[in-house]
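Take the given structure of chain A and dock chain B to it, following the hints.
Chains as they are written, first to last, in this note's numbering: chain A, 1 to 443; chain B, 1 to 308.
Honestly, I wouldn't trust all of these hints.
Once the Cα atoms are required to be at most 25 Å apart in a straight line, the calculated DSS-like pairs of lysine-lysine come out as [what the hints assert, rightly or not]:
#1 B:Lys13 to A:Lys19
#2 A:Lys9 to B:Lys128
#3 B:Lys284 to B:Lys2
#4 A:Lys442 to B:Lys13
#5 B:Lys13 to A:Lys435
#6 B:Lys220 to A:Lys419
#7 B:Lys87 to A:Lys17
#8 A:Lys140 to A:Lys158
#9 A:Lys17 to B:Lys110
If you're looking for bench data, these hints aren't it; they were derived computationally from the structure.
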Amino acid sequence: MNHLGLIIKREYLTKVKNKSFLIMTVLSPLIMIALIAVVAYLTQLNNNKQRTISILDESGQVQSVFVNTDNTTYNVLSDKSLDDAIALVKENEEYGLLYISEKISTSSRLDSLLKLETTFYSEESPSVTLISSLQTKIEKKVRDIRLNSVGIDSETIKSTEAEVVIIQESFSGEKSSKEGNIAKLAFGGLAGYLLFMFIIIYGNMIMRSVIEEKTSRIIEIIISSVKPVQLMLGKIIGTSLAGITQFVIWVILGGVAMIVLSLIFNIDLSQLSTPQQQMLEQAMANPGTQEKAQMLLSEIWNSVPIANLLIMFVLFFIGGYLLYSSLYAAIGAAVDNETDTQQFMLPILMPLILAVYVGVFTVIEDPHGTVSTVFSFIPFTSPVVMLMRIPFGVPIWQQLVSLLLLVGTFIFTVWFASKIYRVGILMYGKKPTYKELFKWLKY
Amino acid sequence: MKDLLVADSVSKKFGDFTALNNVSIAVPEGSIFGLLGPNGAGKTTLIRIINQITMPDTGSVVLDGEQLQAHHIRDIGYLPEERGLYKSMKVGEQALYLAQLKGLSHAEAKKRLKYWFERLEIGDWWNKKIQELSKGMAQKIQFVVTVLHKPKLLIFDEPFSGFDPINANLIKDEILRLREEGATVIFSTHRMESVEELCDHIALLNLSNKILDGKLDDIKREFKTNTYEVGLNSDNKTSLQKELAQKFEVSPANFRTVGDELKLNIKLNGNDSPNELLTYLTNKAQVSHFVELIPSANDIFIQAVKKN
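One chain only, chain A, in its complex shape (with noise of 0.2 Å):
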């Protein structure tokens, strides 16, 4: 036991004193900072692009409804020809040109789906954001004259409408709502996804670690002193304290330097936030929303279950990171360098992968359902997809039965790995093929 301290130890300093950790720990999270305000940046400027857009207008109805905003102009033409029109836009040098040809039929009687055709002339094709745009006012437009004709007022039209709202709440009196399922997919997506990510990661550099230890050809040396699985095991855990050191420092100076950043240049964060959170801004600003946004915090605090999903989260990141580590390891005993290493990564990964889509898909349609269930079963996927089905819920006795074949999985496969790994550390020259591999159970 001794033993296994000092290999850790040493596995454990060796990767932190290493100057490409201390480079890749320092440096990731600035280029991702960096990574960030240039996208943001980028994303202003083109937001602040001005346009000019000119209407031309036959029917003379729908250009009422094209008001300049900050970002665009609209200049409406008449009594030109659209020869003329298309020239005028040329020489003045504008985004491009709508063209309204007939004008919109009514009658006493609407039975059947107008169809309107317009044409938009451009130098170079308009983005699809453009033109729905285009094309929601003029069918609004176009709905309001329709309805005009056969004597409806639009704004009785708008005094009818209703707003629904679904309260969800289980059997049991849990309140839910359809934020806070998408809350809760957030924190079971980013667990389920951070797991996926230090197996990668961290694998990786285990497997090195081991095709290291077989070229520098130190490995005798060390076994001789050392049982291989205790080698192994070391190795393993060694790795993984450096990993989550990385990752502690990362969060710490990933906080400072948002924090700093965002104070010196007066970066506004909701600039930088995706079109799923502009709209869930735009709601807040909405009269009534702060209530509902106090609501979904107190949802997620009282229905996401935090205590489980933490306790959980480290359970199946311990066994779900051995479990996969041992295998890296084993590979890298199994090969003699690096390139040599893809065929048989080829069944690791797929199993990651393929959990990752279950959980992704799957999960989100249906947290409970088949697959989803079935899978977060299965040692080789149960980490990522149980992490990701915890927060929506699930039966104790569901995560301890996991957790227990999860638990005997590990067990298995750091057997099956430490088989390999004691005689793949000292096989020199060819590459081994899987019936090789098998037959060394058995050495």
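Below, chain B alone, put in the same frame as chain A:
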């Protein structure tokens, strides 16, 4: 003399391949024991079994009267043939780490390392990385790490490979000194001249079987053929050679002299004594050279393996 290490009918198979077949060896305490054999004979497998790296399928190994077990790791120092060190780790740190794995405390390991580094005049390497050192330099450090915990049994697999003659000699003297201090040495090599120089016992493995073992002197006695190498000065060498050929089994010999005497190997029959031969020869010619042919370790190795 008691045996420090006894391996009793050890067998090991890797799949269908038999690496060791019922091999027994006994290494007397305080001896330098040569473990010899052509490539792939099973030497390394046997050494790994003694080091508990590989487990034997059948058979047992006893060290110092006790069945081999985990704590014996501290009693053995092993310098493998395939050896290296962490390339990017500093020499001192690395040596300390390996010494601690063998059960030495940090302070004790440091003290002993200082002593050895002084002794081998490598003190100023402490803070260098292995990748900055030459192969021979790294080998010296490996040697130090192997002997640092003062093991009862030292196992050297090709210890001289990678050393220049001066350093090889230095290491040889260190091995002899360690033996003086009471260590027992198992020595595996292909270099027969160093076997000749160092070993008092040998075991020869071939194709997974032990084909020969014992004291080197006894084995030589067993392999010698009662043949004498003679140099004769005579006026008529041709007739002398013919005459001798009628009486003994004679073949031309090849050794270095400054004269141009007749050089012959003369094999005696079981009951002839060398004295009789010498008397006979002195009557016929001027004897300038008379040596019994003792087979070298090299000859024994080749003969035994061929016969097998």
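Okay, the hints, checked on the actual structure:
1. B:Lys13 to A:Lys19: violated (45 Å)
2. A:Lys9 to B:Lys128: holds (20 Å)
3. B:Lys284 to B:Lys2: Violated - the C-alpha atoms of Lys2 (chain B) and Lys284 (chain B) are around 51 Å apart, more than 25 Å.
4. A:Lys442 to B:Lys13: Within the cut-off at roughly 10 Å; holds.
5. B:Lys13 to A:Lys435: holds (17 Å)
6. B:Lys220 to A:Lys419: Measuring from Cα to Cα gives roughly 44 Å; hence the hint is violated.
7. B:Lys87 to A:Lys17: holds (14 Å)
8. A:Lys140 to A:Lys158: Holds, at about 13 Å.
9. A:Lys17 to B:Lys110: holds (21 Å)
Hint violations for this structure: numbers 1, 3 and 6, all remaining hints satisfied.
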